[in-house]
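S.K.: I would like the entire structure built from these sequences, with the hints used as guidance.
2 protein chains.
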Amino acid sequence: MILSALLTSVGINLGLCLLFFTLYSILRKQPSNAKVYAPRSVAAKGAPTETNGFDFDRLLPTAGWVKRAWQPSEDQLLAATSLDAVVFMRIFIFSLKVFGFGGIIGVFVLLPINFLGTQLDVDFSDFPNKSLDSFSISNVDDGSNWLWVHFCAAYIFSAVVCYLLYYEYSYISSRRIAHFYSSKPQPNQFTVLVRGIPVLSGSSCSETVEKFFTEYYSSTYLSHLLVRRTSKLQRLTSDADKVYRTLARLKSEKDPQQRFKRDGLFGRKVDVLDHYGKKLDDLDDTVRLEQSSLAGKEVSAAFVSFKSRLAAAIAVHIQQGTNPTEWVTESAPEPQDVHWPFFSSSFIKRWVFKLVVVVACAALTILFLIPVAIVQGLANLAQLETWFPFLKSILSLTVVSQVITGYLPSLILQLFLSFVPPIMIVLSSMEGYVSFSQIQKGACTKMLWFTIWNIFFANVLSGTALYRVDILLEPKKIPGLLADAVPAQASFFIAYVVTSGWTSVSSELFRMTPLIFSMIKRLFSGKDSDEFEVPSISYHSEIPRILFFGVLGITYFFLAPLILPFLLVYCCMGYLIYRNQLLNVYAPKYETGGKFWPIVHNSTIFSLVLMHIIAIGLFGIKKLPLASSLMIPLPILTLLFNEYCRKRFLPIFKSYPVECLVRKDKEDQSDPSMDAFYDKLSTAYEDPVLMPIRHRRSTDDHNSPLLPAVV
Amino acid sequence: MILSALLTSVGINLGLCLLFFTLYSILRKQPSNAKVYAPRSVAAKGAPTETNGFDFDRLLPTAGWVKRAWQPSEDQLLAATSLDAVVFMRIFIFSLKVFGFGGIIGVFVLLPINFLGTQLDVDFSDFPNKSLDSFSISNVDDGSNWLWVHFCAAYIFSAVVCYLLYYEYSYISSRRIAHFYSSKPQPNQFTVLVRGIPVLSGSSCSETVEKFFTEYYSSTYLSHLLVRRTSKLQRLTSDADKVYRTLARLKSEKDPQQRFKRDGLFGRKVDVLDHYGKKLDDLDDTVRLEQSSLAGKEVSAAFVSFKSRLAAAIAVHIQQGTNPTEWVTESAPEPQDVHWPFFSSSFIKRWVFKLVVVVACAALTILFLIPVAIVQGLANLAQLETWFPFLKSILSLTVVSQVITGYLPSLILQLFLSFVPPIMIVLSSMEGYVSFSQIQKGACTKMLWFTIWNIFFANVLSGTALYRVDILLEPKKIPGLLADAVPAQASFFIAYVVTSGWTSVSSELFRMTPLIFSMIKRLFSGKDSDEFEVPSISYHSEIPRILFFGVLGITYFFLAPLILPFLLVYCCMGYLIYRNQLLNVYAPKYETGGKFWPIVHNSTIFSLVLMHIIAIGLFGIKKLPLASSLMIPLPILTLLFNEYCRKRFLPIFKSYPVECLVRKDKEDQSDPSMDAFYDKLSTAYEDPVLMPIRHRRSTDDHNSPLLPAVV
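Chains A and B are the protein sequences, given in the same order. Numbering of the first sequence is given in the UniProt record's numbering, commencing with residue 1 and proceeding in unit increments. Numbering of the second sequence is given in the UniProt record's numbering, commencing with residue 1 and proceeding in unit increments.
Careful: at least some of the hints might be erroneous.
Given that identical chains are not distinguished, each listed pair holds provided it fits within a single copy or across any two copies.
Claimed, not checked - Here are the simulated DSS-like pairs of lysine-lysine, each with C-alpha atoms no more than 25 Å apart in a straight line:
1) 307 <-> 664
2) 349 <-> 647
3) 664 <-> 211
4) 666 <-> 211
5) 666 <-> 307
6) 521 <-> 647
7) 35 <-> 45
8) 232 <-> 349
9) 232 <-> 279
10) 654 <-> 184
11) 211 <-> 278
12) 279 <-> 664
13) 354 <-> 67
14) 354 <-> 595
15) 595 <-> 664
Simulated from the structure, these hints should not be mistaken for laboratory data.
M.R.: This is the structure we're talking about:
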């Protein structure tokens, strides 16, 4: 790629971003779009009333939203959203710091050295047509002493990144502890999930749990709730709820004429309400029947609640029975975070599933590109002409054929890629996690490795890698191979940051898909339906995408520093836009207390070590074997640093220490509202589908906008 | 090696064993050897009185000891010794089962197949001169279908070994739990060791500990004892104790004439007692001075005792402070098991030391043979003649020179090898372990890898391996390399089992070194001194030696099954002899409750996987690629089995579950003697050198035979 081509691409994408921004700042002011651009305030205050008067201001693009997104302090953001959202924003702050520092060194020190090299032997005079490679390390002469500058830069940059990692880890840990201290008593703090209950013959599961915990936690045991297998019931209730909502909407229609018009297909007007009413009654009866029959379908798992946080922590941390595969305990998730359908209880089953998922995930990640390549091969011009002969005349046009050959493969890749996050969610839920947060966390890690493998390595080793998985059996050759292939892809990844990064983040602001859906809905139903769910951010697809840019930035820092300014722009935009979205669009669905951060930390450490390995190979290729050998301690030191961080910070993200637990428990002792809390606690983990129908619906009506359903 | 040579070697070693047995059965009846062969009963009942009358029976070799060693049931053994000793004996029982099963298949199925092969093309008629290789798998024809029998044998044998491993793990876990239930309240069950105490400025370490635990464990905290740095004091007190003992002996001499005779060097008889008395007073004064000055030398570590076992377990399992590197807790060892001198307290320091030890250990293990080879090279005949010219005439004798060239290298190797266990102990103690049991456990693992590398791999890859550590960077080639080299060494290892195994175990019975020491002592001092220590078994040097034979047996099971009968003989002898020694000679120094078993388990899993890797390579070499590929699932299944065992049993060996702890705590509540126990508990972890001098000596006099000092 030459410089002018890059500039063109930057220009086009900058234009696109500006277009999105302008459209956004206009569209968001239209009251009809409130549910798309400010669902949180709609859920809190109700939809803004549609003023019929024409307002010129509403058509002017303004940048007020930028200020409103920028202004709130981190504490205000925490109060408005969740600690997870704050941690999510810290990824951008951390990236800004890293790329800011790296950018200064890269652009002002490394770039000139690269540019003044003569290895690639390109013409000096024709600046705009200069290949981007002349800005990369490939242009430095073999064996040149200037490479020692790169060597020092790698050391300094690694040290700074490690310092920033340490600082950030320590900052987020302290926030996590502070957040715990400031939290009100919550059911999940007092509850553990027990699986693998060894039911004795002659006594029920419930009795066994009761007996065990009254015997061994006599002073702190409060109550328990058995988990039941409810997948069938879940389907029934969701059907019944749908009918119930339709009925409710029909009843509340202000203009009776309207509903006859819409439901006129049934003929008589009385029929409509009657029809739905009967259907609902039938369904409710079935649900009640199923609920009563379910009482027996226990899965030998239970939520056990205690009177204090410390007691719950004891139950989690110390092995319960003499057989470690029985009475397996873990911290309970928040009640609204529980993922009811997947409740595999047997230890062995979960273990086997975990292994299967690991294998499936690895296979999916490594072999993903093979089916994609095959489908892409099938969908070429000639094939299309055979399948759809009537398209022949259109396909013979040069423009159309060029568009198809140019865009069809990448369209197919994108299509396949969009299936991956849901697949990862399914795989994670098969592992036996019991909460959405754990499932999303598991999927987040899986997606990260998937992205790194299928975008980074697949591009770098372009094709051959798929058939060279066996290179892992010859680890000696890896640095050389990477050092050969990675710098060559520098210009591709710079273009990737500009096109994919900038556009994805600005389309995140614009919310293209929900906007179109909302428009279609209004077009067909004439009016927005009242029921809508506040979306929640899908950490499992967003975090890996952002972290991948981190991997790119760190890896290419000393290979092709030109990438860093573009990443800086990406991070700035991302910071503003995601802040805006978190404040206005996404409602927190759960609170893990920042448990996503360790993924960010590990990904950064991986990027550093990857950079070091490439550096080792590169200095070897560049005929500077001394630098290559002197590079070897750097990854070792980095891994040791990581090991230290694991010991110093990771435990804080796993559970809370005695100090915190006891202090909070003591605070509660003087709190008169605790009795009411204990009462609520004993039913907090009731499976929603098992609640009496009326009761569930009344709570549903209250909660649904704040606590949206499944992912 | 040819068959007749092997038979000769077997004959010689069998003769040696018989000689040792005969000598033992005579010598052990001599009352003067009681301290060598039955120190436990001497410590319990005092030395048997020397009868002057001549008794002919005492000179007859009898086998009564075999019966006495065989008879006690496992429960009796447990009562007489410790659970660790029982677990130690289980190694032999387990090995007997494995080699018994393997021996039947190997000798009756595999051996005939190997023998009937024609690959090595040796003469049939000359049976005694047949090479041992014709009994190994090398003799089976390439590509022969008979190899599928070996293939099946490998699968069946692995399955049986895994079943036995599972059975044994489960049996020992249940014994461990049963032993805990039957144990009396012990200080270590109620106590935790806290390190990394963050001392606030303005308050002492003791106050900080007191404040923390009274606040967070208000209902269960009992007391604490600070740890102090006492290495200087330790030297002083041991000097003082020596003088004290000499003085005590002098005073108690029945015949005053004797002591003048012996101590006559000093001239006047009054002087002797006076001299020692003064010296003791001086030393005691210094000790007292040092003790009082030590009060300030705290190491920010403390033993904290609780009122219940559960509270101690809570303190161990749940992170204490918000900083995981502060208030680091671990279960306290038994009071007599504490290793006082090494008390590094800082988290970072211990972590760095651990890393250093890992590196040092790996370096020692991998590079051990290099200095040995160099010294062996220096100690050749020519070199000796240059160094010691006066030996020239002796060295020129053929016999002498042959002995020297034949035995000197192996003598030097043995000399170097004998230094290794103490080095491993030092390395382990540097890791920051606080008890002898942990140190020995650490050293045991290190010794195991050391033995496997330096005896197995160094012999198999003979020399080249030292310079081929980089083979680890090309894992693909490993199976082929091993399959090529391992079967070739079969006859060497058969001879090794016979010479090293049989002899080592029978000389263990004979206790050569202690016997000689005791004889020399009696010869020079005329009479045994009263002070002696009951030895304790060094698990860290015995277990790896036995496990190494396990590695040999499992690895060679299908390569050269001829090794198995010899191993069976070794195990039978070992079972009897170690039972005898545990009952009569070695006193338990600590009780880990069978924590050594996981090492045995892991070593067996390693052997199985090693066998599988060799099999994969071997079937490849033998031109049976299908068998080679079908072998690949076996190591994977074995490792999965191991993973399952880690989940199912390992937690039981780490700590006791709530169920056990609470049940024992409840038993204690009705026990009236608990108050007295709590009183004792608060001083149980007093550093012995810090006790008032008189008090220490009186307890010393009681305890020393049962609780011998440092390893």
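S.K.: Which numbered conditions among the earlier hints are violated in the structure presented, ordered from lowest to highest?
M.R.: 6, 11, 12 and 13
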